[in-house]
Amino acid sequence: MRILVAEDEPLLAKQLATALSEAHHVVDCALDGAEADFLATTEAYDAIVLDLGLPKLDGLTLLRRWRDAGVVIPILVLTARGSWHEKVQGIDTGADDYLSKPFRMEEVLARLRALIRRASGHAHPEMRCGAVALDPRLARVTLNDVPVSLTGHEFRVLSYLMHHRGRVVSQAELTEHIYAQSFDRDSNTVEVFIARLRRKLGSTFIRTVRGLGYRIDAQS
Amino acid sequence: MNSNSSFRLRLLLGSVLWTLGLLALAHMIFRAIFIRPHFVFRSADPIIIGLALLFAISGLMAVRSGLIPFRRLRQRLLDVRDGRLQTVTGSYPNEVQPLVDDLNSLLEQRDRAVREAQAKAGDLAHGLKTPLAIIAQEAEPLEREGHTELAVSIRVQIERMRRQIEYQLAQARAAATGNTPGVRSSIKESAVGLSRTLHRLYADRAFSIEIEASGEHFVRVQREDLDEILGNLLDNACKWAKTRVVLSSQIANCELLMVVDDDGPGIAPSLRESVLQRGVRADETAPGSGLGLAIVRRLAELYRGSISLEQSSMGGLRATVRLPVAG
Numbered sequence: 001m002r003i004l005v006a007e008d009e010p011l012l013a014k015q016l017a018t019a020l021s022e023a024h025h026v027v028d029c030a031l032d033g034a035e036a037d038f039l040a041t042t043e044a045y046d047a048i049v050l051d052l053g054l055p056k057l058d059g060l061t062l063l064r065r066w067r068d069a070g071v072v073i074p075i076l077v078l079t080a081r082g083s084w085h086e087k088v089q090g091i092d093t094g095a096d097d098y099l100s101k102p103f104r105m106e107e108v109l110a111r112l113r114a115l116i117r118r119a120s121g122h123a124h125p126e127m128r129c130g131a132v133a134l135d136p137r138l139a140r141v142t143l144n145d146v147p148v149s150l151t152g153h154e155f156r157v158l159s160y161l162m163h164h165r166g167r168v169v170s171q172a173e174l175t176e177h178i179y180a181q182s183f184d185r186d187s188n189t190v191e192v193f194i195a196r197l198r199r200k201l202g203s204t205f206i207r208t209v210r211g212l213g214y215r216i217d218a219q220s
Numbered sequence: 221m222n223s224n225s226s227f228r229l230r231l232l233l234g235s236v237l238w239t240l241g242l243l244a245l246a247h248m249i250f251r252a253i254f255i256r257p258h259f260v261f262r263s264a265d266p267i268i269i270g271l272a273l274l275f276a277i278s279g280l281m282a283v284r285s286g287l288i289p290f291r292r293l294r295q296r297l298l299d300v301r302d303g304r305l306q307t308v309t310g311s312y313p314n315e316v317q318p319l320v321d322d323l324n325s326l327l328e329q330r331d332r333a334v335r336e337a338q339a340k341a342g343d344l345a346h347g348l349k350t351p352l353a354i355i356a357q358e359a360e361p362l363e364r365e366g367h368t369e370l371a372v373s374i375r376v377q378i379e380r381m382r383r384q385i386e387y388q389l390a391q392a393r394a395a396a397t398g399n400t401p402g403v404r405s406s407i408k409e410s411a412v413g414l415s416r417t418l419h420r421l422y423a424d425r426a427f428s429i430e431i432e433a434s435g436e437h438f439v440r441v442q443r444e445d446l447d448e449i450l451g452n453l454l455d456n457a458c459k460w461a462k463t464r465v466v467l468s469s470q471i472a473n474c475e476l477l478m479v480v481d482d483d484g485p486g487i488a489p490s491l492r493e494s495v496l497q498r499g500v501r502a503d504e505t506a507p508g509s510g511l512g513l514a515i516v517r518r519l520a521e522l523y524r525g526s527i528s529l530e531q532s533s534m535g536g537l538r539a540t541v542r543l544p545v546a547g
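The listed protein sequences correspond, in order, to chains A and B.
Quick note: the first sequence uses my numbering, first residue 1, plus one each step.
Quick note: the second sequence uses my numbering, first residue 221, plus one each step.
Everything labelled a hint here was simulated from the structure, so no lab data went into it.
Below, simulated SDA-like cross-link-like pairs (lysine to any residue); rule was C-alpha separation at most 20 Å, straight line: (1) A/K56 with A/T93; (2) A/K14 with B/L362; (3) B/K408 with A/H85; (4) B/K459 with A/A114; (5) A/K56 with A/A34; (6) A/K200 with A/R128.
Label pairs and their computed distance ranges (CB to CB): (7) A/P55 with B/E521: 34 to 42 Å; (8) B/Q377 with A/D135: 27 to 35 Å; (9) B/S468 with A/E107: 30 to 38 Å; (10) A/R167 with B/H346: 35 to 43 Å; (11) B/R330 with A/G121: 48 to 56 Å; (12) A/A131 with B/S428: 32 to 40 Å; (13) A/P55 with B/R524: 37 to 45 Å; (14) B/Q388 with A/N144: 53 to 61 Å.
Which stretches of chain A does chain B cover? Using the computed rule of at least three CB atoms under 8 Å from a CB of chain B, they are: (15) 77-89; (16) 101-109.
If you're wondering where the values come from, they're calculated on a predicted model, not measured in any experiment.
All residues carry an ideal CB built from backbone N, CA and C; glycine is no exception.
Generate coordinates for the entire structure from the input sequences, incorporating the hints supplied.
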């Protein structure tokens, strides 16, 4: 999954980016509110980690602006402002979850997983499509309960398709969600990942919808 | 003459009328006493007596009406004290208006000072929490590298610092605002916002928060502090509840009782006092629990209120907080 981290303290932003990458996410960082606003409105993210005390444009203003503009990306507010009054304000302005600093990294990862899962309409942490099961908590994939080893890119492609199972996902959409902004994107590589996944998980698991994209059937 | 015109003019008019009336009456009495044998009731006398009484009475009324603005001022001051008004409203006689304006600017100055203190306390907390978050993250690799003891020690100390910051911040904010006049917050409004937030924060858990507090119940507590008190109470209840949390309110002896019940495991009577003590946890497994109730107790005390814990009829904990009522 692709995540935007909006945090003005460079060290903390780097720590978050590292931890999120280790959990198989791709991460873009914005060090001020204006950059965060630009990225959130021009790029495709699956979740945003937002600090409220950002320079240039503060987090609450961003939240309000994004929600008014119809941005539905799940947003986790990560802030030093930890009073209940501020939490109510944050949630009422449009945050999906609220965590105050200092925090445990596991907590951030767990809450992001839950946000992404709920945003795609799934009630259970572990996702299962036929013989294939994906557990975002452990970044683990099994086929008939036997663990399958996947690379980071393969995992992200599969995770995105499974979060949006039952729906056709275009190659362009997949590309947007598995690469960071700075990465030189090449949609041909998506075909390569799909081919590798088919080799590992069975040739009919991921269907090609000609001219539109890929789909994993909800009941496959 | 409208009620805001000069207080001096009214007093002058009142006393002139009063004096004229008295003079006329004195004249009649003087005549009745000293010229009694020859006293003859003249036809003009009833008119003079009537006029004298009329003058005296309207003089009294003029003075009385001159004093009405003072009664109104007193009422407004009581309103400010009890939190029904932020500033002294209305216009007053020319001689009193400057005093009212000074009072209002004093109230405004206080408000400003309170807001600045809040901003400073917030800045301090923000300034400390981000570095703390960084240190916490820096310490995480230590555990993987085998320095488990060091990693745990750093984590524990960071948690202690976090608690100190939260507790002192909540207290500093309340201490700065606790005695500000003109404060009035609705229990129900605060509870509805918090309930929305808690449902979001515990989105993966199924429980209900039932708000049975009256929309007519107001406390003389700053909104931020009421949110902090109710937020911690409800959060604690939600953390432990199996399916239900109920908030109700009632007024008794000029105090407002907010009662939060849950159907969780409750707290053993022997531990109830200790969870209200600063920084003590009844159960070390739930992070951050315990501190919440200690903050509630401190805030309630700053507003001359109190908190008590007992067994709920729903099976879990019942927390009752008493706070001063705002009319």
